[in-house]
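Engineer: With chain A's structure known, arrange chains B and C on it following the hints.
Respectively, the protein sequence lines represent chains A, B and C.
Take 1 as the starting number for the first sequence in the working numbering and just add one per residue.
Take 1 as the starting number for the second sequence in the working numbering and just add one per residue.
Take 1 as the starting number for the third sequence in the working numbering and just add one per residue.
It cannot be assumed that every hint is accurate.
Identical chains blur together in the list; that is why a pair holds if it fits in one copy or across any two.
[Stated by the list, open to error] Simulated pairs of lysine to any residue, SDA-like, Cα-Cα distance not exceeding 20 Å: (1) K65 x Y76; (2) K87 x E61; (3) K85 x E61; (4) K35 x L70; (5) K85 x V55; (6) K6 x K35; (7) K65 x P75; (8) K130 x G114; (9) K14 x K85; (10) K6 x L70; (11) K110 x R5; (12) K35 x M1; (13) K110 x T3; (14) K6 x G33; (15) K130 x E61; (16) K87 x E64; (17) K65 x N88; (18) K87 x E56; (19) K6 x G109; (20) K35 x S139; (21) K35 x Y4; (22) K87 x W116; (23) K130 x D112; (24) K130 x F10; (25) K110 x V2.
It should be emphasised that the hints constitute simulated quantities derived from the structure, not laboratory data.
Each chain, written out:
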Amino acid sequence: MVTYRKELWFHLNKRRGLVNITEAISEAVTESGIKEGLVLANAMNITASVFINSVEEGLHEDFEKWLEELAPELPYERYRHNTEKEKNADAHLKRTIMGRETVVAITGGKLDLGPWEQIFYYEFDGLRDKRVLIKIIGS
Amino acid sequence: MVTYRKELWFHLNKRRGLVNITEAISEAVTESGIKEGLVLANAMNITASVFINSVEEGLHEDFEKWLEELAPELPYERYRHNTEKEKNADAHLKRTIMGRETVVAITGGKLDLGPWEQIFYYEFDGLRDKRVLIKIIGS
Amino acid sequence: MVTYRKELWFHLNKRRGLVNITEAISEAVTESGIKEGLVLANAMNITASVFINSVEEGLHEDFEKWLEELAPELPYERYRHNTEKEKNADAHLKRTIMGRETVVAITGGKLDLGPWEQIFYYEFDGLRDKRVLIKIIGS
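Bound-form chain A, shown alone:
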């Protein structure tokens, strides 16, 4: 059994945004040399998500609008978590809807994804350095 660990770092210059990390995770799988196994990719911060959906800008706008309806950023006083200094309660809730992590199969040395499956990092409280952890286990 072999394991492999890698971190991806992000610094978005806005509060919210999506980054396609499929290629970066695919590279980590190649680096690991693992042919059959599982890869875990998780946000290491609690105001960001790793999730799987399609590369379609209209859909990404729909996600943005929908999450804002389900867990509005404003007014800040809506949430007990928000203080003078911290104003990201909505980011904790939005990330809960989208999920912390995904587990993807590795088959024949490649990510075993469906035809439209792409892996995304979703930032809900940017403007600072944040990480995704990739942990691969297999043989």
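Structural biologist: Structure of chains B and C alone, referenced to chain A:
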């Protein structure tokens, strides 16, 4: 370390519906010969879910009504993703609530589920062939 | 490859509540002797969650209020699942938002968590014995 891979195929004759796949995943575990490990089961399409809850028809109706409130199918113009041809934005959002995948423990050669835990495929945009991936890793 | 299995038992004296289980899972990792691998922690009941977020009481109150908005407990007749005897449909829906399980990396014999990541059990229908399953796989 041993791995095993299997696909389950679905073709629902309606837009939305639930299929209990516990038995099919259980069979895959038996076929794998793996006694201790993990099984990943994930939708390979981005408008379907694999999730765990109970076999109770009333509850399944509650899920249906609740998801329709949280991410309504209509009006189609509500979503940027919807076009003349494609009208499944709600399916992408509903599947996000229910989740793409589940990871279940294997103990003593069997799915290590709680007493009421059953694994379901939830289709949100049917009337075509779609797949679930089962990947098992263990010894 | 080594695997390790452990159950955590809970009995909350109220309908809903959060329990920080990071330390208990960390102990299970130590007991397993596994240095590199993955740990799965999942609710074995379908009206409870295992999820990762921060230790912040204000935020936990925000989760409580938010989940009650997204999936209200009352009126009980709102849900088909509720009967004379069973009144926990909202618990099934709330747990769906928060998730059944989490998968966490193990690196150097420790849980590989981000600086604010803590693992919680979220009970949505307490006043009875319920379990979390920990399954560890690695070397």
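Engineer: Tell me, which hint numbers fail for this structure?
Structural biologist: Hints 4, 10 and 15 not satisfied by this model.
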